[in-house]
Amino acid sequence: MLLTVVIDIVKSLILVIFLLTAFAYLTYGERKVLARFQFRPGPNRVGPFGLLQPLADGIKMALKEEIIPAEADRYVYLLAPLISLVVALLAFGAIPWGPPAHLFGRSIPLQIFNPNVGVLYIFAISSLGVYGLVLGGWSSQNKYSLLGGLRSSAQVISYELAMGLSVAGVLILAGSASLTHIIRAQDHYWFVFPELIGFLIYVITAIAETNRAPFDLPEAEQELVAGYHTEYTGMKFAMFAMAEYINMITVSGLAATLFLGGWHGPWLPPFLWFLIKVGIFLFIFMWLRATLPRLRYDRLMAFGWKVLLPIAVVNTMATAAFVALSR
Amino acid sequence: MEETDAGSRVASQPGPDEAEAGAEQESELRPMEINLGPQHPSTHGVLRVVLELNGESVVSCTPHIGYLHTGMEKTIEHQRYQQAITIVDRMDYLSPMTNELGFVLAVEKLLGIEVPRRAQVIRIINAELSRIASHLVWLGTHAMDMGAMSVFFYCFRERELILDLWEAAAGQRMNPTYMRIGGLDGDVPDGWVEKARAFVEEFPTWVRDYYRLLDQNPLWVERLRGNCFLTVEDAIAHGITGPMLRGSGLALDLRKSAPYAGYEEYDFDVPVGERGDAFDRYMVRMREMEESRKIIAQALDRLEPGPVSVRDDKIVPPPKEEISRSMEALIYHFKLMTEGLKVPAGEVYLGIEGPKGEIGYYIVSDGSARPFRCRVRPPCFYNLQGLPLLVRGQLVADVVTAIGSTDIVLGEVDR
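So the sequences go chain by chain: A and B.
Using my numbering, you'd call the opening residue of the first sequence number 358 and step up by one each time.
Using my numbering, you'd call the opening residue of the second sequence number 112 and step up by one each time.
Where hints are given, some of them may not hold.
To be verified - Simulated coverage check for chain B against chain A, where a stretch passes if three residues somewhere in it have a Cβ under 8 Å from a Cβ of chain A:
hint: 1; segment: 247-261
hint: 2; segment: 329-342
hint: 3; segment: 431-438
hint: 4; segment: 504-516
Don't read these hints as lab results, they were simulated from the structure.
Glycine residues also receive a C-beta, built at the ideal position from the N, C-alpha and C atoms.
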């Protein structure tokens with residue numbers, strides 16, 4: 358019993374450290390990728406190839422003066438970035454990043470815990486993340502922040518529905534909501550092939566969920582300065598950034614798990630396959646950011662409700678009918 | 112529209128007696144007032160726009176200007192004519208050559224002189240390069256405002272080549288001060304024409320890239336098409352000129368309607384829009400870059416050897432080698448440098464087609480070496496007055512579209 362607890366704690370620590378490092382190097386990677394898209398060298402001053410840049414950024418953030426606006430609702434203001442970060446870290450816990458490892462005669466599942474409703478758990482937790490944005494935007498007492506917060510709540514609510522429905526097809530095919538089961542069910546073929554429409558909808562809604570370009574309306578720089586985090590400085594700002602990037606990793610991990618067979622893949626070790634698949638999604642995130650203009654608020658809502666949601670519903674029903682008839 | 116305008120006025124300025132009684136109810140209805148700028152990422156300098164918002168939609172919009180006012184017109188009155196060229200450079204700093212051209216043409220009109228052919232052709236090449244440079248910055252920032260960030264870097268990469276050409280010809284990149292009253296600072300250096308020709312030849316491939324990135328992108332089209340309308344009547348009533356006016360459908364281009372500096376010899380089209388929305392203005396500017404390229408190509412072909420300044424020792428200092436040989440030349444040089452160039456008394460207005468619209472100079476001379484008055488008609492100032500029209504009933508995001516497609520340079524608006 359004690360050993361299980363110790364193993365769980367160790368796994369959690371490893372995961373948190375891994376995610377925070379991944380966040381740091383994701384910012385570096387994004388800056389490099391964007392720079393290459395734009396004929397720039399990107400960060401290259403700190404360390405070889407600028408590899409220590411995230412470290413320098415972290416130190417800078419930590420040493421920044423912590424400014425709390427006089428008019429701000431102090432406790433909510435401080436709570437908001439914490440909510441965002443904690444929720445982002447929690448959501449990743451259910452994603453398996455490899456088959457169970459065999460160590461000292463014990464089988465250790467490579468995920469923090471395996472709820473039998475894994476998909477629902479991740480959706481439930483990640484939709485809590487919007488509280489951080491809304492509360493942060495509201496408590497800053499800044500009109501830009503308020504608009505950003507309002508946008509994010511409207512956006513997340515309208516895209517969550519389509520996102521949930523887009524993966525319903527996978528759940529029907531796998532016959533389970535447990536992520537480990539879903540990966541097992543993809544032993545022979547990846548779900549991206551029968552569920553291509555669901556996959557595309559998932560990718561689009563995932564970008565919207567994580568507030569990334571071209572759906573980055575809550576923090577649209579050219580319109581709302583920095584949106585909900587306009588008034589945040591130093592580590593509190595860094596926490597919002599961490600949350601955003603870790604959410605990106607989470608939705609990418611979920612996409613790899615649900616549609617691309619998780620850790621499945623020939624020759625290479627499973628964990629590496631998982632990383633490669635996540636990496637491809639993260640690259641697509643950056644690619645879109647470098648290329649596409651931002652949607653307008655009303656178009657975004659119309660797109661979510663009038664285009665994505667109906668297609669997702671039809672897709673789910675078609676999958677259900679197919680599975681029912683083929684039995 | 113009238114209803115919302117009236118509503119906002121009542122809501123924002125409650126009368127003294129109804130203030131107390133209506134305070135409870137009106138506090139819920141009052142539109143949110145928000146300051147877009149003066150420190151804001153997409154105001155292109157220091158523009159302050161006071162917006163009244165109802166949710167995300169714009170109820171009213173008031174641009175406030177003057178944050179960059181440096182008294183340039185007044186400064187010109189204290190400088191000699193030749194020195195003033197450095198000041199007009201800094202008004203619309205994205206298109207220095209057209210500013211210079213307008214100023215020197217106005218003074219030359221007062222003097223009653225015509226520059227040699229080679230100077231004229233080089234002036235046109237540089238003015239059109241200036242138009243392309245200005246439109247490239249507009250395209251980059253406009254796309255950046257929409258969230259398409261990479262286009263900005265591509266545009267600046269190409270603009271860099273134009274700045275290199277200016278640096279080679281005049282020694283400076285952004286404020287070249289290349290034109291002089293009576294000609295040019297000097298001839299272009301060896302190899303300049305070949306570099307310019309290479310630019311002209313490669314330019315279409317870059318424009319094709321922009322089209323591919325933006326024009327064929329449904330998100331981009333959706334942000335511009337059907338947004339930020341401007342009718343021809345409104346444009347004329349507000350004195351709006353340039354691509355904004357042509358985007359609304361009126362083909363008014365001073366290069367065609369009142370040719371100057373020899374533009375009548377060149378073959379080019381004046382692109383116009385049909386609807387007057389942001390997309391039409393985008394297309395007009397994109398096609399104007401292509402037309403400018405055509406003009407430059409023609410001008411490069413017409414470039415023949417010859418002098419680049421008028422030979423009048425009272426206007427242009429005599430050449431260096433003559434100064435060391437001839438006493439008379441030395442005296443003229445000395446007088447020009449110490450007293451300056453004397454312009455006969457009179458007044459003149461000359462407007463030319465800048466990249467952003469009609470840039471005009473109204474110069475009053477009292478016969479001395481300094482202008483008595485130099486009033487500039489800045490296209491951006493007038494175009495900016497159309498902003499409230501453009502954003503009527505639109506969303507917050509469209510305010511950014513409108514500012515971007517108005518193409519303002521605050522240095523020129525405020526002067």
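Q) Taking 8 Å as the C-beta cutoff, is the stated coverage of the segment 504-516 of chain B by chain A satisfied by three or more residues? A) Holds: 6 residues of the segment 504-516 of chain B have a Cβ under 8 Å from chain A.
Q.
For the segment 329-342 of chain B, count the residues whose Cβ lies under 8 Å from any Cβ of chain A; is that count three or more?
A. Since three or more residues must qualify, the claim that chain A covers the segment 329-342 of chain B holds, with 4 doing so at under 8 Å.
Q. Against chain A, does the segment 431-438 of chain B show at least 3 residues with beta-carbon separation below 8 Å?
A. violated (count 0)
Q | Outcome, coverage hint (the segment 247-261 of chain B, chain A; C-beta under 8 Å; three residues) | A | Answer holds; 8 residues pass the 8 Å Cβ test.
Hint 3 from the list above is the single one not met by this structure.
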